[in-house]
Amino acid sequence: MKYLVLVWAGLWRKPARTVLTSMSVVSAFLLYGALSGTMVSFDRWVGQITGDLAVLWTASRVDMSAGLPIGILPTIERIPGVQAVDIQQGFNSYFQDPKNGVGVEAIDVARRIRYPRPFFTVSEGALEAMQRVRTGAIVGTELMEKYGWKVGDRVPLTSGVIRKDRSNIWVFDIVGTFDVTRTQARADQVWVNYDYFDEARAFGNGTVGGVISVIADPGQATRIAAEIDKAFANSPNETLTRSMGDLIRAEIDQITDIKLIIDIVLSAVLFTLLFVTGNTMMQSTVERIPELAVLKTYGYTDPVIAALVLVEAAALCLISALIGIGVAATVLFPLIGAAFRIGTLPMDASVVVTGVVIAVALACVIALPPLWRVRRLNVVDALAGR
Amino acid sequence: MSSIVSIRKVVKGYVRGKQRVEVLHGVNLEVEAGEFLSLMGPSGSGKTTLLNLIGGLDRPDAGEVVVAGERLDRLPSGRLAKWRARNVGFVFQFYNLLPVLTAARNVEVPLLLTNLTRKERARSISAALELVGLSDRASHKPAELSGGQLQRVAIARALVADPRVLVCDEPTGDLDRETAESILGLLQQLNRQHGKTIIMVTHDPRAAERASRRLDMDKGRLAESCQEAA
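Those protein sequences? They're chains A and B, same order as listed.
Just so it is clear: in the first sequence, position 385 is 385 by our numbering, and no numbers are missing.
Just so it is clear: in the second sequence, position 136 is 1136 by our numbering, and no numbers are missing.
Honestly, the hints are just simulated from the structure, not real lab data.
These figures come from a predicted structure and were not determined experimentally.
Beta carbons are placed, not taken as given, at the ideal position from N, Cα and C, and that holds for glycine.
Please note: incorrect hints may appear among the correct ones.
[Said to hold, decoys possible] Calculated cross-link-like contacts (lysine-lysine; reagent style BS3-like; alpha-carbon spacing at most 27 angstroms):
{"#": "1", "chain 1": "B", "residue 1": "K1141", "chain 2": "A", "residue 2": "K14"}
{"#": "2", "chain 1": "A", "residue 1": "K2", "chain 2": "B", "residue 2": "K1018"}
{"#": "3", "chain 1": "B", "residue 1": "K1119", "chain 2": "A", "residue 2": "K2"}
[As the list claims (entries may be wrong)] Examples of chain A residues toward chain B, derived with CB under 8 angstroms:
{"#": "4", "residue": "R13"}
{"#": "5", "residue": "F119"}
{"#": "6", "residue": "F120"}
{"#": "7", "residue": "P290"}
{"#": "8", "residue": "T297"}
{"#": "9", "residue": "G299"}
Turn these sequences into a full structure, and let the hints steer you where they fit.
Below, the structure written as structure tokens:
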């Protein structure tokens, strides 16, 4: 600890240079924290919202958007280990202006009453009212507040799904509301009767976007998924069954291999940082050769001086890295969470630990050339200015 | 009095480019404990090389160097460093203070290698700064001090660990006459009142006059003593 005064002196010998170098390390780790941290936290978030559900998702193997006949539900329901099945059928719409996007989910009300969807609470009597009112809709509280809707209102939603009467405007009567019990879920959808929707639409009748199976034992997920797909193998409706987490990850992967891009960007940034910071450290050490020589004259051994140089590099990298990751966690994460509408993501501890390991490794690498220089330092030559 | 420095038949050369240049040719020197010795001579005569050997900063190619009872030419570099920490204080022409540290922190540098507690270090620093007359400048950084004050801080640093030998390489070379006189007065005081053995390299005959003994070096050889006492 008593040597910290020398480390501190080394760091602040040229304050402007130290601050600028530190800022470049902070920027790099800000990027690392934001990109890597978001990926890990997003993955963790997917696991959180789906992992404890023990739910499988079945869609068409040929084309996820093609849909499956609703008639396959009883077959899936009979597979051992499947507790309940439900349909998944959604479509996009907007209210009054295309900017006001509204997600609509067509639900099988009877099944929804039997197997309430976790994380959602429905206002009392709303599902029963849906059974009575074919055009009934249960609207998320967030959406109700956004558009100032009230129970009893009739709302027109414009959609790409064409009705049999050639109109693309779907009118629903609000019969109740739903809310969410988890921050990761959103109460920003409209639930409507699948029966009414299917009967009224011009195309795709009798199909559903996918089938959700609730299973008793998550440990059996792989076996049950395989059995579901086996049941429809070589049929016109071959299926692909995955866990909900895998489904979300696969959808993300469909956009692009984000992780690969992030890894490439981070590698490039850290590699650049290696040269920038390494060069600065080398400059700083070379400028201090006479001072290091003086330390040697006073009895500082090579290992002690090497440790001072190493700790200085580590302090610069580590403090800057922690600032960068800290800013990413406290400033960027809420912004990213808001942009993806998934709430505030917590910074995963593994990202911080990996960041610290990277920072220490970076310090060791950038300290190598100065250490080599110090090791070769001849006190007599250094004092003579040679 | 016993010899604190004993140099016998020391030869030292350096390789400069492709050539080996011999700087010291079989030098013999005895310095008594408590002596104030000045080494004079033209540039390239070998005085700084001799000083570096006495200070344990360099090793001879041949011959013996015994300082404070230790055979320096045989010590491995790690032990030599520890020996320097205990036995020698260095004063340089250009002070070589750490610019970011205060005067007190600069003086503390040699003490960091000791097992002294923080309080004990603080006491030693305070005593050393008082001895050189800079108690009121303890919290000043080198940029805030004059040349003479900088050299006084450097002397305090050299003294603080209570070494047996003070090795001074042109300590007044960067100072005006008046300041140089005060620094030489301080060295004289350290020698006479505190019994420090001082070996000083200088170009300045007036500085050399302050020493108790003066030796001239020329072309790697020590000339006969031409001065006893100041």
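Hint-by-hint comparison with the structure:
1. Of the supplied pair hints, the one linking K1141 (chain B) and K14 (chain A) holds, its CA atoms being roughly 14 angstroms apart against a limit of 27 angstroms.
2. Annotation: proposed proximity of K2 (chain A) to K1018 (chain B) is violated, straight-line Cα distance about 44 angstroms (limit 27 angstroms).
3. Restraint check for K1119 (chain B) and K2 (chain A): the C-alpha separation of about 12 angstroms stays at or below 27 angstroms, so the hint holds.
4. The closest approach between the C-beta of R13 (chain A) and any C-beta of chain B is roughly 5 angstroms, which is under the 8 angstroms cut-off, so the hint is satisfied.
5. Interface hint at F119 (chain A): violated, since its Cβ lies 57 angstroms from the closest Cβ of chain B, which is beyond the 8 angstroms cut-off.
6. Hint status for F120 (chain A) relative to chain B: violated, with the closest Cβ pair at about 62 angstroms, above 8 angstroms.
7. With a cut of 8 angstroms, the hint placing P290 (chain A) at the interface with chain B holds, because the nearest CB-to-CB distance is about 6 angstroms.
8. The beta carbon of T297 (chain A) is positioned within 8 angstroms of a beta carbon in chain B (closest approach about 5 angstroms), and the interface hint is therefore held.
9. Annotation: G299 (chain A) was flagged as interfacial toward chain B, and the flag holds, the nearest CB pair being 3 angstroms apart, inside 8 angstroms.
Hint compliance for this structure: hints 2, 5 and 6 are broken, all remaining hints hold.
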